[in-house]
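Trainee: Protein sequences, first through last, are from chains U and X.
Mapping to the numbering used here: the first sequence position 91 is 91, numbers consecutive.
Mapping to the numbering used here: the second sequence position 17 is 17, numbers consecutive.
Wrong hints could be hidden among the right ones.
[What the hints assert, rightly or not] Just some of the chain X residues that point at chain U, by a computed CB distance under 8 Å:
{"no.": "1", "residue": "F153"}
{"no.": "2", "residue": "H183"}
{"no.": "3", "residue": "R186"}
[What the hints assert, rightly or not] Covered, in the sense of this in silico footprint (three residues per stretch, anywhere, with C-beta under 8 Å from a C-beta of chain U), are these stretches of chain X:
{"no.": "4", "stretch": "14-28"}
{"no.": "5", "stretch": "35-43"}
{"no.": "6", "stretch": "48-54"}
{"no.": "7", "stretch": "80-94"}
{"no.": "8", "stretch": "169-177"}
{"no.": "9", "stretch": "199-209"}
[As the list claims (entries may be wrong)] Quick list of the computed label-pair ranges, beta carbon to beta carbon:
{"no.": "10", "chain 1": "U", "residue 1": "V212", "chain 2": "X", "residue 2": "L78", "range": "44 to 54 Å"}
{"no.": "11", "chain 1": "U", "residue 1": "L44", "chain 2": "X", "residue 2": "P118", "range": "24 to 34 Å"}
{"no.": "12", "chain 1": "U", "residue 1": "T138", "chain 2": "X", "residue 2": "S173", "range": "39 to 49 Å"}
By construction, these hints were calculated from the structure, which means they are not laboratory data.
Every residue, glycine too, gets a C-beta built ideally from N, C-alpha and C.
Here's the letter readout for the chains.
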Amino acid sequence: MAPAVARERSTLTIDIGSFAADVAALPRLGLGLGLRGTHFDHILTERPDVEWFEAISENFMDSGGRPRYVLDQVAEQYPVVLHGVSLSIGSTDPLNREYLAKLKALADAVTPAWVSDHLCWTGVLGANSHDLLPIPLTEKTLHHVAERVRRVQDFLERPLILENPSTYVTFIESTIDEPDFLRALSDETGCGLLLDVNNVYVSCFNADLDPVGYIESFPCDRVVQMHVAGHEHQGTHIIDTHDRPVVPEVWELYRLAWQRTDGASTLLEWDGHIPSFEECHAELLKARRYMGGQFNAGRSHDVTKSGHESLSTPVDFLVPNVMESAVSE
Amino acid sequence: MTAIERTADLRGLQTWLQSGLIGPQPIAADEADQILAPSARLTGSQRWSIYQRAYSSRLLKCMAEQFPALNHALGEDLFADFAREFLVAYPSESYTLYELGRRFPGFLEERRPDRDAPDGSREPWIDFMVDLARFERQLFVLFDAPGHEGNPFAKPETPDERLVLQPCFALGSYRFPVAAYYHEVRIGKDPAYPSAEHSQVALVRTDYSTHTYRVTGFQHALLQILTRGLNVADALRVLGADLNLSGPEIQKFWTGTRGRWIAAGFFIPSG
Ligand SMILES: [Fe+2]
């Protein structure tokens, strides 16, 4: 790029108003599914009638093998968005330039409808916990995260879409509610929001908050995408397992969120004990039943009786089954 | 310094929380309760322990998936013990989980209790474990490495001067027949520990499948020269000089191998 053009481009992107306008113009994609390795063969051979896919950025940014080949095929046939788990926007480590460069290269090649990640930190001192860890919500951390969002957006030359994480702890020092924090972050940076309705349910139960109040105070006009997923109720807390169907209470919250976001693109996350593509798709299509009608909160939750705690934020679905494609000659 | 002082800024808070997550010691409950709010049912420290439990199960699961044959050989519990120690010694430092197992074979070697014993008197089963881990890591890397799919491969008529190795290729040399063991596990068998036996393999990816070929010492020597980027004609000359063999002797060996390796996708045409 010639220097004059580069300068013009960067003045444009520093204007957060343009990111906010970009976000407002993002399309409504309908009902989508997470792109998972166990479904690759089905998707390539059957070309299923699903409206869009969400690909985990880290799984494809270094891929020279089949995952990237499949993503390229999928991106030719369907709208795709990129969803990251390692941006670590809330960390106090420097932003990882190598990671951002790879993310940008992937986005340039795949041309996703948008690029998202989570309001969280994944590690510090160069380590990665591969978990989505919460930050205290204060004026100071808001300033810290906003500064980093601005730098990421400038680098990527596109708005970032940030998701409310599922959380198991809250901090005594927090002074801002999460919906207000995300609204302020969006105001300051022009970033868009991904409203994970299941995460709302999980985090609110774990922190004794009202999930309906959360959604009612959420800046739903900035929401470009929603997530729904299954969880495990432990009685004392809820684990965000992504390994089973969505519970009715979360679907009811989704009904409310659907109305308030004016029908934002919706994606089902299923990451543990992943069933067949058809089963995931059928679960996703349940969303249609909740696109109208009255919110109905009444129903008590089922607490797991196994006594065993399932895994939160499973990531092993990110590890390919290499054995499957190894051949002895 | 108190927990409150240490966590006064976000940097301090993150460093402290992380030490209790990926370090060997969980953070002290009384300290956690000063920083983390209780819920109606759990104290702050009980809430944090949800993260602690998940951290190690999550990554142990990924390790077992990256080393399925070693997991089988050791059994889940023993494998998890090694993997847990490994994750404390070498926590993930990458944005991608693909890097998680990179240092595992080296870790197994460096932690072996008989590390300082003289050659030949070390525990053979540890050699087996290390070599199986090396083999599995190599396969894992080749799975997603840049390859040549979608591009032309060499044909029988491609001259030796233009035959070069394809990019998604690796050579392995092991103290046990680890590839054979791996493939037995892959098809659902429960093979016995193999006895020590030098084995050499070539790993080649075509159509996104990684194929394992056993190779002879002679073939291995040629492939090693080829991995330096030489074409076959030049590599054969180097091999002849290295082994003090005449042109016809080398050609005789090569004629018996050439067709199979070309058919198996070892080579692409250069230039
Ligand atoms: Fe989510």
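Trainee: Taking the hints in turn, state whether each one holds.
Mentor: Hints, verified against the model:
no.: 1; hint: F153; in the structure: violated (16 Å)
no.: 2; hint: H183; in the structure: holds (4 Å)
no.: 3; hint: R186; in the structure: holds (5 Å)
no.: 4; hint: 14-28; in the structure: holds (count 6)
no.: 5; hint: 35-43; in the structure: holds (count 7)
no.: 6; hint: 48-54; in the structure: holds (count 5)
no.: 7; hint: 80-94; in the structure: holds (count 4)
no.: 8; hint: 169-177; in the structure: violated (count 0)
no.: 9; hint: 199-209; in the structure: holds (count 3)
no.: 10; hint: U:V212 with X:L78: 44 to 54 Å; in the structure: holds (49 Å)
no.: 11; hint: U:L44 with X:P118: 24 to 34 Å; in the structure: violated (54 Å)
no.: 12; hint: U:T138 with X:S173: 39 to 49 Å; in the structure: violated (57 Å)
Of the hints listed earlier, those the structure fails to meet are numbers 1, 8, 11 and 12, in rising order.
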